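Since chain D is already given, all that's left is putting chains L, U and B on it; use the hints.
Residue numbers (the working numbering), protein chains in the order written: chain D, 6 to 468; chain L, 6 to 468; chain U, 6 to 468; chain B, 6 to 468.
Treat each hint with caution, since some may be false.
If several chains are the same, the list does not tell them apart, and a pair holds so long as it fits within one copy or across any two.
List time: in silico PhoX-like cross-link candidates among lysine-lysine, alpha-carbon distance up to 20 Å [as the list claims (entries may be wrong)]:
no., residue 1, residue 2
1, K388, K8
2, K100, K388
3, K330, K360
4, K193, K366
5, K330, K196
6, K360, K147
7, K388, K193
8, K405, K366
9, K41, K405
10, K404, K355
Honestly, the hints are just simulated from the structure, not real lab data. If you're wondering where the values come from, they're calculated on a predicted model, not measured in any experiment.
As a plain string of letters, each chain reads:
Protein chains: 4
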Amino acid sequence: MKKPWGGRFSEEIDEFLEAFSESISFDKELAFAEIKASRIYAQALRKAGLLSEEELDQILQGLSEIEEEIKQGAFPFRIELEDIHMHVEKALAEKIGDIAYKLHTGRSRNEQVVADERIYIAERLEELKALLVDFILVILDKAEEYFEVVMPGFTHLQHAQPVLFSHWVTTFAEMMRLHLQRCLDFEKRLKQCPLGSSAFAGCGFPLDREFMAKALSFYEPTRHSVYAVSSRDFISELLFILSLIMVDLSRFSEEIILWTSEEFCFASLPDRLTTGSSIMPQKKNPDPAELIRGKSATVIGNLFQMLTLQKGLPLSYNRDLQEDKPPLFQALNYTLNSLRMATLLVKGLKLNAEKISEHLKHGYLLATELADYLVLKGVPFRKAHHVVGEIVRYAEGRKKELSELSLDEYKKFHQAFEEDVYEWLTVEHALSRRNILGGTGKRVVKEYIDCLRSELKTMVGRD
Amino acid sequence: MKKPWGGRFSEEIDEFLEAFSESISFDKELAFAEIKASRIYAQALRKAGLLSEEELDQILQGLSEIEEEIKQGAFPFRIELEDIHMHVEKALAEKIGDIAYKLHTGRSRNEQVVADERIYIAERLEELKALLVDFILVILDKAEEYFEVVMPGFTHLQHAQPVLFSHWVTTFAEMMRLHLQRCLDFEKRLKQCPLGSSAFAGCGFPLDREFMAKALSFYEPTRHSVYAVSSRDFISELLFILSLIMVDLSRFSEEIILWTSEEFCFASLPDRLTTGSSIMPQKKNPDPAELIRGKSATVIGNLFQMLTLQKGLPLSYNRDLQEDKPPLFQALNYTLNSLRMATLLVKGLKLNAEKISEHLKHGYLLATELADYLVLKGVPFRKAHHVVGEIVRYAEGRKKELSELSLDEYKKFHQAFEEDVYEWLTVEHALSRRNILGGTGKRVVKEYIDCLRSELKTMVGRD
Amino acid sequence: MKKPWGGRFSEEIDEFLEAFSESISFDKELAFAEIKASRIYAQALRKAGLLSEEELDQILQGLSEIEEEIKQGAFPFRIELEDIHMHVEKALAEKIGDIAYKLHTGRSRNEQVVADERIYIAERLEELKALLVDFILVILDKAEEYFEVVMPGFTHLQHAQPVLFSHWVTTFAEMMRLHLQRCLDFEKRLKQCPLGSSAFAGCGFPLDREFMAKALSFYEPTRHSVYAVSSRDFISELLFILSLIMVDLSRFSEEIILWTSEEFCFASLPDRLTTGSSIMPQKKNPDPAELIRGKSATVIGNLFQMLTLQKGLPLSYNRDLQEDKPPLFQALNYTLNSLRMATLLVKGLKLNAEKISEHLKHGYLLATELADYLVLKGVPFRKAHHVVGEIVRYAEGRKKELSELSLDEYKKFHQAFEEDVYEWLTVEHALSRRNILGGTGKRVVKEYIDCLRSELKTMVGRD
Amino acid sequence: MKKPWGGRFSEEIDEFLEAFSESISFDKELAFAEIKASRIYAQALRKAGLLSEEELDQILQGLSEIEEEIKQGAFPFRIELEDIHMHVEKALAEKIGDIAYKLHTGRSRNEQVVADERIYIAERLEELKALLVDFILVILDKAEEYFEVVMPGFTHLQHAQPVLFSHWVTTFAEMMRLHLQRCLDFEKRLKQCPLGSSAFAGCGFPLDREFMAKALSFYEPTRHSVYAVSSRDFISELLFILSLIMVDLSRFSEEIILWTSEEFCFASLPDRLTTGSSIMPQKKNPDPAELIRGKSATVIGNLFQMLTLQKGLPLSYNRDLQEDKPPLFQALNYTLNSLRMATLLVKGLKLNAEKISEHLKHGYLLATELADYLVLKGVPFRKAHHVVGEIVRYAEGRKKELSELSLDEYKKFHQAFEEDVYEWLTVEHALSRRNILGGTGKRVVKEYIDCLRSELKTMVGRD
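With the rest of the complex left out, here is chain D (with noise of 0.2 Å):
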């Protein structure tokens, strides 16, 4: 087909280039940011008296059709038409005849798809944050429905000292809090407008730009046409804040296998949030979070592809940058899907309290508290550590448990043991001991939970 560039073309293009180079079977998802920034160009096209009244009204009208037509999937995408940016000129043009080619001027498509781009991203970005917002606030809600169950923290996945399961899983909060975050900072670079930079060297006629970013409500326009057009660090940035969330989630899901494997028993999953097997009649599999867990991986994969992709390229656009948006749409449907998922899976899920708590017999989980209680007796901390790897060595040949050791045999291993160190060895003790800002005690857990739900209302409005 004759490209809409071909002027200077004595041959028509290949037919395999033709499939080949075609983007639009993925950028028509960027369909209607290219019609938010079309919009905007043709009242800046206006405004410097480029179109007429008349010709701005035209195309507006013209827009407005063609986005009803896509959101009624009445639109027909076609590999001859390239991409999503010929696809709206072409339609325009049909629609309303010549004037439609006025909107190309002085305008290019390298400054359009970053222009679609920052638009596109900014409004699945209000998406991200509002499923942030939401998985912790299941979180939080959790944590208060089962807020007095104990259980036994775990480093090296080894039992190590007992913990408020309402602490626990607040950790998966506090990531997500510091994700929140890193959004808003996001934002400040992402909305800055590159209307106006044309193929790269600023564009030939006088635009107001300062018009258009503010019409995209973006803090400002891009300062530099050849930084605007060439690089894709805006996405590269979204694409890594997606990694971290995923990566925190794949942790999150690995707790959720454990905690509802038959060893653990610590928990379990709603029939409707588990699937079956195809062979064993018996199987109640955690998938979900498995899925979650392998898309991880995935949304990894995404961020190593734009940073490999831009590796390297000479200045100012270069059509590899066209593979940016595979990446970037994969990346951000796992993720926000994953988060969904995650939310549901937090809201399904039933501890099993009873099973914990057997499970907190065991390990010497309080072996800690046996050397704090040395060093308050004036036994220098390293000192009263090792008293008590003896002593559990001691105890674990016998088969029995740090309370079930007689005081005489506690004073075999040093003098300061008395009578009060039998008050040590709960864990309501322990737990009591930790009420340090951040720490694992009741009161400063309540705090953080009703910290952090008062500052989701200040960073974005809710709660």
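Here is chains L, U and B on its own, set in the frame of chain D:
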């Protein structure tokens, strides 16, 4: 919707989870492989006495009808049916009733999916090998077409030594020859049939696994049932080979982009293999090469997704592994199409021999010859190198080429120079000295080309 | 060797494991941070009454001696002491006896390592910001030095439109400005003090965490003890910023390599910033730029090591996290040194204005001007574009430049052409039309430079 | 310092660049390979008449002395001498004077570095293969030691079907067997000798390349001189194999970590293979497994550094390629040591057969048997699956195991159930039904082990 595995479940699957966990939107690509595997599995069930002859016939008949429907595009894909395995099972039941359900005897999706993937890849690998050969052959043709053209060879993108174009360009043929060899090695590991591994513990019915492997033209059955369903090493290995191919094609593309730039002007592409700009009417861009270079980032990323996906997973099957398919299909499509595109580029490439020969005059390409000349006069190489370095600095300061210096001038730098030095200062002489195996002498380049042609015939029966 | 944590162990650690698990060979880089953190921790213990004034003095004195020894290179590092934490603890005990062991009261290596890392990174970040500013400033200087030089601007490595060198090169300044902004945003998240988080459950003694944060000049204590020891989000975020910087430096390097090639000849580097060949005496290679480009791959890889490392880990601390340090140190060193190198390259760069202006004559750089000309005569842009495309094809066929065509020839393509068209066919005219914000007009480029200078002053107090 | 290639340079290299571009700090690892290659190159020069017998002797003598000094640690490495090639050249000159400089006749660092790398890797590959075999053999030993132990097999980390421990654990042997095969295939491509390729155009002197390849015990000379110096495909291929090994070792580590957790308690490690905590005296952590899992991320990252490094580079040699060495050395060291560590872990592993058998009782591991039972009674599998699913739900509601249900209860779900169903509800029966090739039946697992032992003997002469 009620699931085939739903017997033990008290509520239906969450609707969002249904959409989140479906794979049919991409694994339908495996439809023909699924049918092929099912046919063979049915025959094995028959051999084991688990199906009657009549039941087998009905199943085979049903599968053929489904295959035909898929070919015609008449087969409905629905998210509620999760994946390609459930689609075929369900469709078969709709055609032949309860007998269809016998096909799943002793069979698990865990083994089905790897069987399908191995069958599918084996088929695409044939395509890949053919495309590698095509690409090599057009390179050899192009090398012969411009056999006599001498160009500056580059290191560090600086002029280094003269080289035959036919030698330079066949670098890519040599790279691809080794990739072809990698494909052949990989086939040994790929063509192992997992059928009969069941969920992971091996089938509880005495199926003839050797028969199934043979029926697929595979080398052997997989040897270990847990390995068979747990590992995706064969996908990683394919993706690695594809990554290597793409990395080398990205380098090929870089050459094309440089050669067709205004500054190099070594070559041009026909209009049909370039594209224009939406704003700059004069542009004729080497987009296909840029797109290949860009897609190399995507394919490397796909490999990364696969490896990261598997990291840290416990045995045996985990649902994370569903995410193996998007990178597999993307990498295959991108690489196969990039090879097709690169083949077209070589075919269409026109050298600009005149411009190239102008460039040959600059950059002191024959300085190494001068040093070698001195070596043959008995000067140790490192000394000779130093002397010639000084001569180049001298010549450059006077804006002279090496052949323009007088013998007196040469002698000022070293007494060993004599009249015969000028014989050494021609490109022809430099080439003639490099008829060493693998070098850029005309005889050996010719031999390389002939030898590779005949090797391809042996390796894959092509020439 | 008997370990400090060895009380409960009945045999000594396997010798190979000792070597396999040591980190001192790389985490000694954290030595000063470890001492800084320990000082503050000791003060907090004192405030909580867990140390006497005298004990505190001894500890502080001991730490200062150790610090001095490390500075002098007199401090012995030994694999058996595992990591930097154990080294300092042990050395302190050798100096001041058992009191040293009190320093570990309520303290865990889990919190120590993140405290050290955050302190260390905060210091290196100051260096990074200073180097970004240095690089921006030499770019601005160079832009001013060659302010008037016009060069062909490229898209797809093809001649596109004329552009001021000062505009083209400041693209990299703009990229770095945004990276600087990213650093400032990142600091908010980095400068959170984890001390007091202990193993993960919070310290069992009432330490003043606000005091410790303040003493480190950090913004606040981390808010959640499990988050504090589990997450490495702050390292990932740093590595992402470093990756973005390196990707952009790889593009800068690509420009340098192209510009200094024989074919472009736009610029040259001084001898001291190039290297030669071991065999070809004439070579003068832009190795520094190639090395930066190469190192960008390493730094991207470091980011992926970090992200993949954390994927799928359960809470809280797992020993995998020890592997966060090699990529952290490598990425920091590579990026900081690459910035230093790039700064030297810009400083040393000499433009070859004469050669550049020759290149300006080719490639129909002013074709867009012709189209814009027609637009102002009332021709819709897309039509104008098509007409000019045909003109270019016509001119090319006759080996003429656009300015060499007669008005009659122009009129054959479109009647709107008049005598004034020739005014449009100068580079000066094209530039003068682009005094749009961010464009390549001289006035706006000057403004950009001035504005960035004054912004740097505000952002980081530099100019 | 004045460089050996410095003849044409008018000023000395910048000091910072000297440090930035040095590689001796890591490529000294190639020292012995460099000497080996130099010896053979000298012999080839002699054969071509470019050295006298006496000169050859002196060179060989000098090289041997240098080799000895390096072994003794007496050889000085200095940044000003850039790389290992210049170090050996310089040291040789200091020993034997100007004759040393003849060794560089027709030789380029471009070919030297790949020759060194290929020689070096060939040697490390022998180590790697031996370690793979070691690991396989200890797995087979351990499988035999606990041959009778039955454990729950997992999918989705949920109980699935009973499996022999010896079958489960040999999964890793099978994975490693295939990696061993990959090593053998790789050797064909690795052992090609690039000597004689010179800078990229082939050596200008008639060296006997077949002789050099043979002298190195390589298969053949590289066939194309530009390929020889441009491509690092052989390093990428090694790093890919190492990545695959590490991914599988990360899964092995995950198993170890799970098995030794308090909740699983399937196995324990001896004290000498675990480490403790600095704060919690009771801890005994499976650090070696965590470190292996962590190091897998590093090695995957190394592969991506290599691939990204090469992306988009023009032919032939570019200085970027210097960055191939850090990932090469890191990946080799990490993988070889991880294999050693994993071998120790298997050796030290003690199963807790009693605990494992308790876990066998839960999770309805025999549900698939029930379904198969119905199949043999004529029920189509999918129907049978559904019926058993309902039985499981029923049993779970009553907190009963399958074997505790009465025949009447069974009959309520399906009339086909009869008294013989209870025979099917034993682990022994389930295993006995899986003596299918590759399955978990005792006979076939025994066969697998024996067969692999004898295959190793054939493949690499080990048992």
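Evaluated hints:
1. Taking the shortest Cα distances, K388 and K8 sit within 20 Å of each other only across copies (12 Å), while inside one copy they are farther apart (81 Å).
2. Taking the shortest alpha-carbon separations for K100 and K388, only the inter-copy value of 17 Å comes in at or below 20 Å, while the best intra-copy value is 85 Å.
3. Proximity of K330 and K360 under a CA criterion of 20 Å is satisfied in neither setting, with 48 Å inside one chain copy and 38 Å between copies.
4. In this assembly of identical chains, K193 and K366 lie within 20 Å of each other by CA distance neither inside one copy nor across copies; the values are 51 Å within and 41 Å between.
5. When the C-alpha separation of K330 and K196 is checked against a cutoff of 20 Å, the pair qualifies only within one copy, where the shortest distance is 18 Å, while the shortest distance between copies is 34 Å.
6. For the identical chains of this complex, K360 and K147 are intra-copy neighbours only, at 18 Å inside a copy versus 33 Å across copies, given an alpha-carbon limit of 20 Å.
7. Proximity of K388 to K193 under the C-alpha cut-off of 20 Å is found in neither arrangement, the shortest distances being 53 Å within a copy and 38 Å between copies.
8. Within a single copy, K405 and K366 get their C-alpha atoms as close as 11 Å, which meets the 20 Å cut-off; across copies the closest is 26 Å, which misses it.
9. Taking the shortest alpha-carbon separations for K41 and K405, neither the intra-copy value of 71 Å nor the inter-copy value of 42 Å comes in at or below 20 Å.
10. For the homomeric pair K404 and K355, the shortest alpha-carbon distance between copies (18 Å) is at most 20 Å, but the shortest distance inside one copy (32 Å) is not.
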